[in-house]
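Produce the complete structure using the sequences and hints provided.
These protein sequence lines map, in sequence, to chains A and B. So that you can map any letter, position 90 of the first sequence is 89 in numbering that gives the first Met the number 0, and since no number is skipped, the others follow by simple counting. So that you can map any letter, position 83 of the second sequence is 82 in numbering that gives the first Met the number 0, and since no number is skipped, the others follow by simple counting.
No lab work stands behind these hints: they were computed from the structure. Check each hint, because a few of them may be wrong.
As the list claims (entries may be wrong) - Output of the computed footprint for chain B on chain A, the stretches with three or more beta carbons under 8 Å from beta carbons of chain B:
no. : stretch
1   : 263-272
2   : 302-315
What the hints assert, rightly or not - Anything over 12 Å on all C-beta distances counts as not near chain B; from chain A, calculated:
no. : residue
3   : Thr-34
4   : Val-50
5   : Gly-67
6   : Asp-69
7   : Asn-82
8   : Leu-135
9   : Ala-201
10  : Arg-210
11  : Leu-228
12  : Val-229
13  : Pro-233
14  : Pro-237
15  : Ala-241
Values in this document were obtained by computation on a predicted structure and should not be read as measured data. Every residue, glycine too, gets a C-beta built ideally from N, C-alpha and C.
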Amino acid sequence: MTLAARPGELTALSSLAAFAAGRRRQGALAIVGVTLLCLMLAVVATGQGAVQIAPARVAGILMAKLSGHDELLIGRDALVVLNIRLPRVLLAMLIGAALAISGALMQGLFRNPLADPGLVGVSAGAGLAAAATIVLGDRLLAGTGFTLPFAALPVGAFCGGLVSTLALYLIATRQGRTSIATMLLAGVALGALAGSLTGLLAFISDDRQLRDLTFWSLGSLGGASWAKLVIVAPIVLPLLFAVPLLARGLNALMLGEAEAYHLGLPVQRIKGLAILLVALAVGASVATAGVIGFVGIVVPHLIRIAIGPDHRLLLPLSALGGATLLVGADIAARLIVAPAELPIGIVTAAVGAPFFLWLLLRRANHVDL
Amino acid sequence: MSTSDEHGSALVACEGVGFAIGRRKLVDQATLELHPGRTTILVGPNGAGKSTLLKLLTGELQPSAGRISFDGEALAAVPGWRLASRRAVMAQQTRLAFPFTVYEVARLGVDGVGRRLPRGQREALIGQALSAAGVLDLAARSYQTLSGGEQQRVQFARALCQLEAGRGAGPSQALFLDEPIASLDLCHQLALLDMARSLASRGVAVLIVLHDLNLAVTYADELVIMDQGRIVARGAPAATLDDALLRQVFKVDLSLSRAPAPGLPFLLPQQHRAQSAA
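Structural data, given as structure tokens:
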């Protein structure tokens, strides 16, 4: 039965088991390591700002809150931590996780390491809807006596992301089969269209609206509040638990759609679910924090380099890594020009774009779409 | 539908199957049966429709005419996961976008079909398949860095994994190989074909698309010749091949020798055939 029996193959069989066990151990260590790093950064970020609070004090306040000792939670520090910093850090974690995991999902779906929600126009669609809400919302309501409700912007952005994803999906689907290549190309076109329409809106907007638009397109966690968290968390948290269910399917899709079908996977359902999850994640993120670029491309890449491309590890590690990165970027955004703060999109793009270029240069020999 | 002949009931059968893109018929009126324990080899010139017919039989493409059945059921009605435990497919060439290791690629064969097996058993299956395909020593290497021939052997190992993991899911299984030896050296060509035959002798219905007529004649229980979308001949190799047909189908002057002619290089690998027949 053996094709090419070679001396030493029996020892190779046992070393194969050791190899597999080593990979598993490496994955578990990475998950524990990144989780610890994320929690540490979160505590640091919670203490950072106009009012400096030592990490130990932050930890003390959090422990007191978690263990229900509310009588210890008096004074300014507790107020700042619980009402201002904590929702912001939690929002950074949720959005970072959502963006990074959407990037990993899209790259798996498109079988392309350069795919990203920003690339296929999902973010642009969400951004366009947000811009339309900012610029046109007041004009449409002028004279009716109504004012734009607080939730209009996030809901608009969310719908924009969903509509552009759906459009993308419909364009690329013929007779029940989705062509990933068509989808990628259509996404670039839709993204350009959304970008030009957003530009048009900027052109007709007044000064105040233009400033809102600019900040929106740069991304910011500045408006974080428990109210926003309550909107985002119910969308992003279930997603973080649903996505790992796709890991086996995405692994098989690496071989190609036909091969994944031969392996017994419901290919069309996996693709549909992945696309829906990406739309939800990106819509929710853009809705609450504007357009934050490059998290979805940088994080999965780093993890592939460090641990490998197996989606069973890549997806959870991307979520953890994305959360860590965005918390870190938020610390930087608040420190660099303190006491003011930079839009976080500037920080992630300033780090992400050079990194992206480095990736391209590194693999200059074989970038094929 | 006739799903039985002198070899017992067919595992995969198609009758009058056609596949067209617009007006161009890639496969026309194809009737074929694959039986457990038999190796069927599909030959024909480029563009004859061999790969398309294989894709129709695996369910990857839906026929525009005719019927295809798997174990007596309409192929389209068999759920994908059940089909996956009964048949494995190896495509002409499989490239990966990400640096999966050889071990991980082979593991894909058992991840779905063998997900209910205990982990130790799954790992043993992977090890055996890698070893059988002669790529065990490459297990930790990145698939992307392998040569085309090595990649083909890894894909063969993956297909073996899938068959092994699905064993017991039904009375018999099928294996589809689309030009599996296109990038292999002579030694590994013969080794892979031997392996396919030994699977057939274990009761697997094997269909191979092949270009080398000498090897096709050597390894086939049934030879199927396609030309311009149609099956033009089908039967035992010795009875199916004749000069006129080959000249017509392949558009080359050739003469068929029953024995190596003196002075002419005629490669007929006999050693492996003798071994697996014994």
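Going down the list of hints, with the structure as the test:
With 3 residues having a beta carbon nearer than 8 Å to a beta carbon of chain B, the stretch 263-272 of chain A meets the requirement of three or more and the stated coverage holds. Closer than 8 Å: that is the beta-carbon criterion, and the stretch 302-315 of chain A has 4 residues meeting it against chain B, so the requirement of 3 holds. Taking the minimum C-beta to C-beta distance to chain B, about 24 Å, the non-interface status of A/Thr-34 holds against the 12 Å cut. Non-interface status of A/Val-50 relative to chain B is upheld: no Cβ of that chain comes within 12 Å, the nearest being about 45 Å off.
At the 12 Å boundary, the C-beta of A/Gly-67 stays outside the reach of chain B, the nearest C-beta of that chain being 41 Å off. Listed as a non-interface residue, A/Asp-69 keeps its Cβ farther than 12 Å from every Cβ of chain B; the least gap is roughly 47 Å. Separation of A/Asn-82 from chain B is adequate, the least Cβ-Cβ distance of about 43 Å exceeding the 12 Å criterion. With a least beta-carbon separation of about 41 Å from chain B, A/Leu-135 lies farther than 12 Å from that chain, consistent with its non-interface assignment.
Consistency note on A/Ala-201: stated as away from chain B, and its beta-carbon is indeed over 12 Å from all of that chain's, at 36 Å minimum. At roughly 41 Å from the closest C-beta of chain B, the C-beta of A/Arg-210 stays outside 12 Å, upholding its exclusion from the interface. Against the 12 Å criterion, A/Leu-228 stays outside the reach of chain B, whose nearest CB is about 34 Å from its own CB. Consistency note on A/Val-229: stated as away from chain B, and its beta-carbon is indeed over 12 Å from all of that chain's, at 37 Å minimum.
With a minimum CB-CB distance of about 31 Å to chain B, A/Pro-233 clears the 12 Å threshold, and the non-interface call stands. Every CB of chain B lies more than 12 Å from the CB of A/Pro-237, the least distance being 24 Å, so the non-interface label holds. With a least CB separation of 19 Å from chain B, A/Ala-241 remains clear of the 12 Å interface cut-off, as annotated.
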